[in-house]
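2 protein chains.
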Amino acid sequence: MALIVQKYGGTSVGTTERIANVAAKVKTYRDRGDQVIVVVSAMSGETNRLIGLANEITDKPNPREMDVLVSTGEQVTIALLSMALQKLNCPAKSYTGSQVKILTDSAHSKARIQDIDDAHVRQDLETGHVVIVAGFQGVDEKGNITTLGRGGSDTTAVAMAAALKADECQIYTDVDGVYTTDPRVEPKARRLDKITFEEMLEMASLGSKVLQIRSVEFAGKYNVPLRVLSSFEDGEGTLITLEEENMEKAKISGIAFNRDESQLTIQGVPDEPGVAYKILGPIADANVEIDMIVQNTSQEGMTDFTFTVHRNDFVKAREILEQISAELGAGSVHGDDAIVKVSIVGVGMRSHAGIAALMFRTLSEEKINIRMISTSEIKISVVVDEKYLELAVRSLHAAFGLEHEG
Amino acid sequence: MALIVQKYGGTSVGTTERIANVAAKVKTYRDRGDQVIVVVSAMSGETNRLIGLANEITDKPNPREMDVLVSTGEQVTIALLSMALQKLNCPAKSYTGSQVKILTDSAHSKARIQDIDDAHVRQDLETGHVVIVAGFQGVDEKGNITTLGRGGSDTTAVAMAAALKADECQIYTDVDGVYTTDPRVEPKARRLDKITFEEMLEMASLGSKVLQIRSVEFAGKYNVPLRVLSSFEDGEGTLITLEEENMEKAKISGIAFNRDESQLTIQGVPDEPGVAYKILGPIADANVEIDMIVQNTSQEGMTDFTFTVHRNDFVKAREILEQISAELGAGSVHGDDAIVKVSIVGVGMRSHAGIAALMFRTLSEEKINIRMISTSEIKISVVVDEKYLELAVRSLHAAFGLEHEG
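Top line first, the protein sequences correspond to chains A and B.
For the first sequence, the numbering used here begins at 39 and goes up steadily by one.
For the second sequence, the numbering used here begins at 39 and goes up steadily by one.
All the pointers check out, no bait thrown in.
Which chain A residues stay away from chain B? Per the calculated CB distances, all over 10 Å, these:
no. : residue
1   : Thr165
2   : Asn296
3   : Gly312
4   : Ile331
5   : Ile362
6   : Ile411
7   : Ile416
Calculated pairs, BS3-like style, for lysine-lysine (alpha carbon to alpha carbon, straight line, at most 25 Å):
no. : chain 1 : residue 1 : chain 2 : residue 2
8   : B       : Lys65     : B       : Lys203
9   : B       : Lys98     : A       : Lys65
10  : A       : Lys226    : A       : Lys289
11  : A       : Lys259    : A       : Lys148
12  : A       : Lys63     : B       : Lys98
13  : B       : Lys98     : B       : Lys180
14  : A       : Lys139    : B       : Lys180
15  : B       : Lys98     : B       : Lys148
16  : A       : Lys139    : A       : Lys203
17  : A       : Lys139    : B       : Lys139
18  : B       : Lys63     : B       : Lys232
19  : A       : Lys180    : A       : Lys148
20  : B       : Lys232    : B       : Lys289
21  : B       : Lys425    : B       : Lys226
22  : B       : Lys405    : B       : Lys226
23  : A       : Lys354    : A       : Lys316
24  : A       : Lys98     : B       : Lys65
25  : A       : Lys125    : B       : Lys148
26  : A       : Lys65     : A       : Lys125
27  : B       : Lys63     : A       : Lys98
28  : A       : Lys203    : A       : Lys65
29  : A       : Lys148    : B       : Lys125
30  : B       : Lys354    : B       : Lys98
31  : A       : Lys139    : A       : Lys259
32  : A       : Lys98     : B       : Lys125
33  : B       : Lys232    : B       : Lys203
34  : A       : Lys180    : B       : Lys139
35  : A       : Lys180    : B       : Lys180
36  : A       : Lys232    : A       : Lys259
37  : A       : Lys180    : A       : Lys139
38  : A       : Lys63     : A       : Lys232
39  : A       : Lys125    : B       : Lys98
None of these hints come from the bench; they were simulated from the model.
Just so it is clear, the structure is predicted and the values come from calculations on it, not from any experiment.
All C-beta atoms, glycine included, are put in the ideal place defined by N, C-alpha and C.
With the rest of the complex left out, here is chain A:
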């Protein structure tokens, strides 16, 4: 007998028919003796309908009231799923975030979970109930309804799994697992049976949007085994766990990429203490997030800075940079918003030499010019011209043998 937390997203519970399908799936787990907690999102479209109502009233809805409003979406789903399970003669009981209770701070629309009271839930599990919990929502110390931000149902599921020391947290979604890369770019992409939390974080932050980053961080922190599965097909999905020995076999686990990048360079900057802050401070102050940063070796007391920002922030960042350049008496500012970032990710890097060399050789053989390089312990990222994206991903996928199991 295992204790399993399952999370179903908005698409999986988008109609009453689909809710009935979810109930049938949940029942198979309970019938084989597992204790099951189900976390659900609002029916797809419902959250947007509610936000639409608020926007009809005002363009600046109060965050506290917005949370009161949108939290009704999940509340509808928990009641319907509970009814659907009861119809299958499976005892079930629904809980809002406040009823559990999932205690959060008071940061409406982006609250963080502080504590979960598992007493009632545990009692219901022990009397054979499936417990259904509204995702995405909690309650602060004063009894105000809070929400964890969009997609926060994943976080609820992981937090419930951590609090109840569940054997596995299963995230049901519209894909059947985590792939070595995006199958739309490389049809030979292969579903991974396992991936580590660290790798998953790198993959997620680089644009593989299977899971919310915060939920993966949370799962890693509390060592909750996380599994990504399809709501609509049977299959084992991908298990996200702590690093294991058999993972050492694979040099890298996957190739991630991000199309939303743009590159900015400021040349001829006096190379003196504090200059990086003078350049990057005003950019950050304008709420522009900086991703990669490269500073060239100083030549004759002058240096160059190159960094990447989200493509939507390109124009704003370049304007700020030109102002800074004038203030510092620096040289010209260059920019390019037709670039992409391609990364290889894998804990295997730690114990395998020559990974970077193979990456650079592969790109070089395809005559792909590398514009920036950045590395971390389990990731190597390069910036290349946008037009090379598919070629770079496919050639790296082949070079590291990702179409075959590692």
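Mind docking chain B on chain A? Use the hints.
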């Protein structure tokens, strides 16, 4: 400065535009210095939409989960109304029944209020907030969401007014007050400025569906002045209060009627102790509510019973009665479902003689045959053939001078 509780029903908050109108109306009260608590229902159609979703899942939805589901309707409205008030720079804060908290018993879908914690609400009123409370819902001792049954928002409003000792509880609806009779039957019907709780209860129970009976009972019990007003037009509405001297002037306040009646008679019943129970017990056991009951004087040890039931229960009740008649060795069973009940209501009856005589004379002059009579301290009801309904109402309205102020 007064403390006012206002209640707006589903039609009054049926669209975001109407919610904005309600906000403007609420603000006029606060701007003149009143403290305002607003109780709202779900947007019209929303409760039925939610019930529809449940019925797609199962034809026997669990009552606890049904309450979780339908209580979201009011939760949406409180958030939207709060936003609409804030947009008018009027501080506002929403409360679900559970947040208030409105403690009820655990009878899902027909819970009764046991206690209201007014601490948070009072604090918000004192800091200048309009407090918006979800009608129709509460929470039981264990934290389960409960509902008071359809139309229960009126009860919430009165209970809040009682708990906070409000100066007035205003029920906004789609009519502009309580009338001497239904204006669709008698166009000369006049809006009453005042009516007593007792009279209102008799009017409501007889089919004038302006207010939920339970809310009037509650208001009477706790002596909460209740006012019925139109959401859409300005006006003073009708104030429902304890009896006052100036009410003595009017002999009667209004004429109520009920079209949903049917009449059953069992003849030749042995007149012995316990026979009433033998006849009426099985009817009540079948969940058929009996309204008027008349037993004739015994003749030669035999008597007749005549009673009225809701027209929907007519066939069922007659079948039961025929079975009882066979068991008791009684005579024949007669029934008529083309009858109506017409009543005159007024606390003035207590101090005025000749009211009944005037009623019977008026009906007699119109050649309307009276089939049953029943009286209470402030009401005289007669059963007549359905075809006489309009004639009876209009002739009584004229005979008691109801078109003029009393």
